[in-house]
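**Student:** Work the whole structure out from these sequences, hints included.
For reference, the chains in residue letters:
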Amino acid sequence: MPTVMYRKFEKVCAIVERHGADPAKLIPILQEVQDEYRYLPEEVMTFVATTLSLSPAKVYGVASFYAHFALVPKGKYVVRLCDGTACHVKGSENLLDALRQKLGLTGTDVTTPDMLFTVETVSCLGACGLAPVIVVNETVYGQMTSVKALKLLEDIKKKEESTHVSV
Amino acid sequence: MDAVKYVNIDGREVPIEGEKNLLEVIRKAHIDIPTFCYVSELSVYGACRMCTVEIEGRGLLTSCSTPPEAGMKVKTNTAEVRQIRKIALELILANHDRECTTCVKSTNCKLQDISKRLGVDKVRFRSVQKPHPIDTSSTSIVRNPNKCILCGDCVRMCAEVQGIGAIDFAHRGHDVVVQPAFGKDLESVACVLCGQCARVCPTGALTPRSEVEAVWKSVNDTKKVVIAQIAPAVRVALGEAFGYQPGELTTGQIVAALKIMGFKKVFDTCFSADLTILEEGNEFINRVTNNGILPMFTSCCPAWVKFVEQHYPEMIPNLSSCKSPQQMFGSVAKSLFAAELGIAPENMVVVSIMPCTAKKFEAKRPEFTHDGMPEVDHVITTQELVQMINQFGIQFRDLQPGSLDMPLGFKTGAGVIFGNTGGVMEAALRYVYEKVEGKTLENPDFHAVRGEAGIREAEVTLAGKTFRLAVVHSLANARAFLEKLKAGKIQYHFIEFMSCPAGCINGAGQPVNLTPGYKAKRTKGLYEADKMLQLHKSQDNPYVKELYASKLGSPGSEKAHHALHTHYNARRRMRGKSMIIVDGKQHDKLEIRVCVGTSCYLKGAQDILHHMTRYIHEKNLQDIVQVKATFCFEKCNKGPTVKVGDLTITHCDVAKAVQAVDKALAARQAKG
Chain D
74 MPTVMYRKFE KVCAIVERHG ADPAKLIPIL QEVQDEYRYL PEEVMTFVAT TLSLSPAKVY
134 GVASFYAHFA LVPKGKYVVR LCDGTACHVK GSENLLDALR QKLGLTGTDV TTPDMLFTVE
194 TVSCLGACGL APVIVVNETV YGQMTSVKAL KLLEDIKKKE ESTHVSV
Chain S
2 MDAVKYVNID GREVPIEGEK NLLEVIRKAH IDIPTFCYVS ELSVYGACRM CTVEIEGRGL
62 LTSCSTPPEA GMKVKTNTAE VRQIRKIALE LILANHDREC TTCVKSTNCK LQDISKRLGV
122 DKVRFRSVQK PHPIDTSSTS IVRNPNKCIL CGDCVRMCAE VQGIGAIDFA HRGHDVVVQP
182 AFGKDLESVA CVLCGQCARV CPTGALTPRS EVEAVWKSVN DTKKVVIAQI APAVRVALGE
242 AFGYQPGELT TGQIVAALKI MGFKKVFDTC FSADLTILEE GNEFINRVTN NGILPMFTSC
302 CPAWVKFVEQ HYPEMIPNLS SCKSPQQMFG SVAKSLFAAE LGIAPENMVV VSIMPCTAKK
362 FEAKRPEFTH DGMPEVDHVI TTQELVQMIN QFGIQFRDLQ PGSLDMPLGF KTGAGVIFGN
422 TGGVMEAALR YVYEKVEGKT LENPDFHAVR GEAGIREAEV TLAGKTFRLA VVHSLANARA
482 FLEKLKAGKI QYHFIEFMSC PAGCINGAGQ PVNLTPGYKA KRTKGLYEAD KMLQLHKSQD
542 NPYVKELYAS KLGSPGSEKA HHALHTHYNA RRRMRGKSMI IVDGKQHDKL EIRVCVGTSC
602 YLKGAQDILH HMTRYIHEKN LQDIVQVKAT FCFEKCNKGP TVKVGDLTIT HCDVAKAVQA
662 VDKALAARQA KG
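Protein chains in written order, with my numbering: chain D, 74 to 240; chain S, 2 to 673.
Don't read these hints as lab results, they were simulated from the structure. Even glycine gets a Cβ: it sits at the ideal position worked out from N, Cα and C.
Each computed BS3-like pair below joins lysine-lysine, with the alpha-carbon atoms no more than 25 Å apart:
1) 578/S / 81/D
2) 81/D / 644/S
3) 29/S / 6/S
4) 81/D / 590/S
Some chain D residues near chain S, calculated using beta-carbon distances under 7 Å:
5) 115
6) 119
7) 123
8) 128
9) 129
10) 131
11) 133
12) 134
Here chain D is said to cover these stretches of chain S; the calculated rule only asks that three of the stretch's residues, wherever they fall, bring their Cβ under 8 Å from a Cβ of chain D:
13) 156 to 166
14) 175 to 183
15) 570 to 583
16) 605 to 618
**Tutor:** This is the structure:
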């Protein structure tokens, strides 16, 4: 069985190849690479720059411009809290405080030391009718309250612990 | 012929004569619209908003990004235009570190100048920028992001003209900063130190690194004897700082100023340029007659040499092994000439005055330090010498010209034109012609290699054989040219490369000049200086002849090789992390590193990595090894390179790599 890290490296090569090593496809390439690593490690961006004949500074410029790209490792569960107008009016700030306090996080310290959770805000998820909205990885949770949000965290933690026990 | 089209500018009809944008038409009408992000040799960016004008029926537009159209009615100075410019400038100034009195760019600063012109007397906005650390890692350039106004001139210069892209914009909104990849310092990335970014920087965000204090210290040290060498391009530009025209020769005043400051001897880099021509010309003839590696590339430009080392390591053998004139001077002065002057070499301090920022890097290369003693101790730019003259209070315009000292101050015109693109080639031709043809060259001018085009080609027939020559300036042109050369589409014998557009006369260490046509004037200044000298061919320099007769033997001799030649090495582009592919649990695991840097990647490093990892899993070795994909062992010309433990395998393939791993593991087992 090849290691996880090697499989990822092979995937990166395959992604670049699928896009014909076209520098114009840098953004989709970075998106797919990020799906593999959950963030964009410096050495992987350097490798991508090499394969696309771009300067590493250009690749870093693009990666650091878009909020979607993560330059530091994120937790297994990325909790995105919407702070768009509708969600803000419906009290997203209280939700954010509750989540951060529970996990011991701040505006600059966004990932728990066990790499389980990352809490970030987004400007609008386009689901204003469900305000306030939280998205955990790909799942959307609407009309959230602090109680519901903390319960969500508890459930994830429990699920994680039970999978560890069963291993 | 089409009828001439006109644009109406502030009520005047101005013809459109092929200008790509309205700004150029307006400037042609003698209205100097301010700009930060517009540099005619770069692409249009349209960010600074200074060139905003009012166009009837279309409103307020940036003239740099608007093509001129017939019948356009343009107003360049309405109340609204003035207000827009002023507010934009105020916003730029809000985030700018406005400590002008301690800024090296002060009085040469576009930001200062335009603020004054537009009458900004107050900045109403608070800064939202967090202070950034100043990057002093590079030998040649200081990067101070706190002074950056994000015009992007440096970014486009580096990417478009030099084809490197060492710096770029990163992050977004008020966090935007121009920086090397991943926020590294300049020293850790592929910057070749040409300094062209600093040349176009309108503020003090990118500036040449100063060695002025170190030079004063040496000058004031009574135990030291400080001597100077002046590069050709300095003499046609330094005067600009004191009101002379570009191209006006001020060699005599420079010598006089240096003598007042305390320099014991003032010599000329043109002397060692003459010496370079004899060595380089001879090397070329040798390569041609002995089936050596061709085409031969000139190696006088340190930024070009670093570019080859980092981007075209497989072409290092094409570089002439000759040291540059700066280093030849240092070598001759310390190893051959110090004794003659009765100075112990360790007490001699060689100061170079150069138009160039990369020369600072060259002087510090380990190849040019012998037993702890550098050939050249300090390199100051033309700008730094101007500063020293001003610090001392020397009234430059009132100086009686002084004479360069002999013998290392004597030169022919061939050594002088080194500062122009095509100059090294022309000087070499003047030597090679006589050497190969065996007769006197009557007219020393080779107009075919002169000019402004980025890539110029010429053919010359010598003793019945036709030689194909090329002259290339700017590194983007160099890259395009080398790609064609590699593809075998073109064939040449001898190619001159210079990093800076127009050559050394436009180096980043020269006084900042924004007037149109300054490059052509400096170029002309050097060609005229050649004309005014009695001798035009390096081989006629009597002191160079004397140096060979008394000390070096003949060009290319063993002694000459020892003193005047060097070698170059592949150099990594970036200091960075490796990708870990297999990470064994065992404490003392065998480290296997496969280079995936550009050269090795193109030669199939990925394949080696693939098969190596497969093999490790098949043999169940994943606990006792660590496999890394890494960037550059600086053996690019011998790639792919793999390191197994301490063993480096060049020209590696899967079989060789696997064999080395087996052997290393067996040895470990035997040791227990």
